[in-house]
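Make a model of the complete structure from these sequences and hints.
Protein sequence lines correspond, in order, to chains A and V.
Just so it is clear: in the first sequence, position 88 is 88 by this note's numbering, and no numbers are missing.
Just so it is clear: in the second sequence, position 8 is 8 by this note's numbering, and no numbers are missing.
Hints may be right or wrong, so weigh each one.
Looking from chain A toward chain V, a few residues come up when the C-beta cut is under 10 Å (computed) [said to hold, decoys possible]:
hint : residue
1    : SER24
2    : GLY28
3    : ALA93
4    : PHE111
No lab work stands behind these hints, which were simulated from the structure alone.
The C-beta atom is built at its ideal place from N, Cα and C for all residues, glycine as well.
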Amino acid sequence: NAGVMQNPRHLVRRRGQEARLRCSPMKGHSHVYWYRQLPEEGLKFMVYLQKENIIDESGMPKERFSAEFPKEGPSILRIQQVVRGDSAAYFCASSTRPRRDIGQSDSPLHFGNGTRLTVT
Amino acid sequence: GENVEQHPSTLSVQEGDSAVIKCTYSDSASNYFPWYKQELGKRPQLIIDIRSNVGEKKDQRIAVTLNKTAKHFSLHITETQPEDSAVYFCAASGGLNTNAGKSTFGDGTTLTVKP
Numbered sequence: 001n002a003g004v005m006q007n008p009r010h011l012v013r014r015r016g017q018e019a020r021l022r023c024s025p026m027k028g029h030s031h032v033y034w035y036r037q038l039p040e041e042g043l044k045f046m047v048y049l050q051k052e053n054i055i056d057e058s059g060m061p062k063e064r065f066s067a068e069f070p071k072e073g074p075s076i077l078r079i080q081q082v083v084r085g086d087s088a089a090y091f092c093a094s095s096t097r098p099r100r101d102i103g104q105s106d107s108p109l110h111f112g113n114g115t116r117l118t119v120t
Numbered sequence: 001g002e003n004v005e006q007h008p009s010t011l012s013v014q015e016g017d018s019a020v021i022k023c024t025y026s027d028s029a030s031n032y033f034p035w036y037k038q039e040l041g042k043r044p045q046l047i048i049d050i051r052s053n054v055g056e057k058k059d060q061r062i063a064v065t066l067n068k069t070a071k072h073f074s075l076h077i078t079e080t081q082p083e084d085s086a087v088y089f090c091a092a093s094g095g096l097n098t099n100a101g102k103s104t105f106g107d108g109t110t111l112t113v114k115p
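Here you go:
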């Protein structure tokens, strides 16, 4: 099992350009989450997707940011017209379908190695 | 929504000593509490988790305790080693105000184990 695959590992963009971050979940995982980590800070939830559906995008800025998880292929986090404040590590995580049994309504997140975006 | 506070933000211990990191959460309906370890420049990795129907869980030198009444949970590392040095994050999820799987993370604790 190859784990959660993210690419690229490092991405440098000039202000105003677009950044596209890709994430392939672990085999058998149908739930994908994107988190942003600013330098020396914690992980902040951005968006939660299942195949072809955005379930929760409450943590994602309404402008310039978008995410998708198509039926075929990886999940994509797209940042348009990047600004210096977008510089951060973006982690993708996946999990199995959450179980609704009592005491087991959630499942661990498996993180990818992240994409470190630098905006110059 | 859920709010998770983590203390301390930095912790330095001598090799062999114990380390304790504490987290509090706000959503009483949260029922899943994982802990992640993140080494410098690497991805967060799950080290231990606990569900709300359990008060304590142990895995070798690592243990987690949960107090649902007080809404706090703690990570305990005994006989610390230099390779335990990393940033540790607590998280809470599964509450009524969150989608299943969406975790709220603490801001992290940087643990340094001095040889």
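* Does the interface hint hold: is ALA93(A) within less than 10 Å of chain V, judged Cβ to Cβ? -> 8 Å, holds
* Is the shortest C-beta separation between SER24(A) and chain V less than 10 Å? -> This hint is violated: SER24(A) lies away from chain V, its Cβ roughly 14 Å from the closest one there, beyond 10 Å.
* Asked: Taking the least C-beta to C-beta distance, is GLY28(A) closer than 10 Å to chain V?
  -> Since chain V brings no Cβ nearer than about 15 Å to GLY28(A), farther than 10 Å, the hint is violated.
* Asked: Quick one, is the PHE111(A) hint okay against chain V at 10 Å, beta carbons?
  -> 4 Å, holds
In terms of the numbered hints stated before, the structure departs from hints 1 and 2, listed from lowest to highest.
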